[in-house]
Amino acid sequence: MILILGGFAQGKSEYARKKYPDRYILDDYAQSFREKLAAGEEPEKEFEEILRKEPECVVISDEVSSGVIPMDEFEREYRERLGRSLVKIAAEAEHVERIFAGIAVTLK
Amino acid sequence: MIVLVIGGSGSGKSEWAEKRTLELSGNDRKLYFATMQNDGKEAEKRIARHRAMRKDKGFETIEVPFGLCDNLKSIKDSDTILLEDLSNLAANLRFWKDMTEEEVKKCILADISETSGACGNLVIVSNDIFRDGTIYDEETARYLVMLGDLNKEIAALAEEVVEIAAGIPVFYKKI
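Chains L and X, in that order, are what the protein sequence lines are. For the first sequence, counting from 1, position 40 maps to 28 in the working numbering; every step adds exactly one. Just remember that the working numbering sits 220 ahead of the position in the second sequence, which is counted from 1.
Just so you know, not all the hints are guaranteed correct.
[Claimed, not checked] Computed far set for chain X versus chain L, every beta-carbon distance over 12 Å:
1) 242
2) 262
3) 275
4) 278
5) 280
6) 320
7) 322
8) 325
9) 329
10) 338
11) 387
12) 388
[As the list claims (entries may be wrong)] In silico contact screen, one side only, chain L against chain X (beta carbon under 8 Å); selected entries:
13) -10
14) 54
15) 55
16) 57
17) 59
18) 71
19) 74
20) 75
21) 96
[Said to hold, decoys possible] Below 25 Å or equal to it, Euclidean Cα-Cα: the simulated BS3-like pairs (lysine-lysine) are:
22) 239/X with 96/L
23) 326/X with 239/X
24) 41/L with 96/L
25) 265/X with 24/L
26) 265/X with 76/L
27) 393/X with 325/X
28) 265/X with 33/L
29) 393/X with 96/L
30) 277/X with 76/L
31) 275/X with 76/L
Hints were generated in silico from the structure; no laboratory data involved. None of the values given here were measured: they were computed from a predicted structure. C-beta: ideal position from N, C-alpha, C; glycine also.
Could you put the whole structure together from the sequences, leaning on the hints where they help?
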């Protein structure tokens, strides 16, 4: 598995498609994590299922946790749980990259 | 030496800072300077999570919600201190003690300089809360500037400055 992180609109998807054309790409991880959490589902478990089927996948996620602690409880839970999920994914990934203004920086 | 560890929420910064503290302290004493006040269910949960993380690692916990200097006498030069965290300490002084931003900065910087002089290593955890693109009310904006200033000043004093992203350290300053 490969993890690609970065802010919104930094060129993560384009980079992933170019660099890993033959891999299964799981884009918008943060967005779908939020939707599943809002629907009362367990996004972490659902990801485990995807990973079982696609162990070589490329996961693309926005970094959303570098802001003021939100007033809204759901928003707080979302940031915290997404963050912890990304820590776990990064620990298991063979490779972690962060895209900044279209440029990739290797984190792992 | 001073180590400044910065990260967003859920970034794994506490875990990393603990690991670094254990490395630096070796067999010497490890002090955990806790700043969070238990003011409700969420704080309780957070405190419990951090306590569980520290369990069996040999930390002595000292509550320092309003500053470090009261404890100076009990610090030895072989101690490694983990201060968690700067944004909480700053918020406590600003909003509970009603100090101005300037007073908070002065107080914390003086505390840190004295404490780091008295102990062997001081590992400071701080927050990256500056990149959500939101324009906040004046008071929050002033708090952000204050914390940004503190991060900058402490980073200048620190021998090691590291950002934690998804549990991975990104070094900005390293010996």
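Quick rundown of the hints versus the structure:
no.: 1; hint: 242; verdict: holds, 18 Å
no.: 2; hint: 262; verdict: violated, 8 Å
no.: 3; hint: 275; verdict: holds, 19 Å
no.: 4; hint: 278; verdict: holds, 24 Å
no.: 5; hint: 280; verdict: holds, 27 Å
no.: 6; hint: 320; verdict: holds, 20 Å
no.: 7; hint: 322; verdict: holds, 21 Å
no.: 8; hint: 325; verdict: holds, 19 Å
no.: 9; hint: 329; verdict: holds, 22 Å
no.: 10; hint: 338; verdict: holds, 32 Å
no.: 11; hint: 387; verdict: violated, 4 Å
no.: 12; hint: 388; verdict: violated, 5 Å
no.: 13; hint: -10; verdict: violated, 13 Å
no.: 14; hint: 54; verdict: holds, 4 Å
no.: 15; hint: 55; verdict: holds, 3 Å
no.: 16; hint: 57; verdict: holds, 7 Å
no.: 17; hint: 59; verdict: violated, 10 Å
no.: 18; hint: 71; verdict: holds, 2 Å
no.: 19; hint: 74; verdict: holds, 4 Å
no.: 20; hint: 75; verdict: holds, 4 Å
no.: 21; hint: 96; verdict: holds, 5 Å
no.: 22; hint: 239/X with 96/L; verdict: holds, 18 Å
no.: 23; hint: 326/X with 239/X; verdict: violated, 29 Å
no.: 24; hint: 41/L with 96/L; verdict: holds, 24 Å
no.: 25; hint: 265/X with 24/L; verdict: holds, 23 Å
no.: 26; hint: 265/X with 76/L; verdict: holds, 20 Å
no.: 27; hint: 393/X with 325/X; verdict: holds, 22 Å
no.: 28; hint: 265/X with 33/L; verdict: holds, 22 Å
no.: 29; hint: 393/X with 96/L; verdict: holds, 18 Å
no.: 30; hint: 277/X with 76/L; verdict: holds, 22 Å
no.: 31; hint: 275/X with 76/L; verdict: holds, 21 Å
Hints 2, 11, 12, 13, 17 and 23, counting from the list given before, are not met by this structure.
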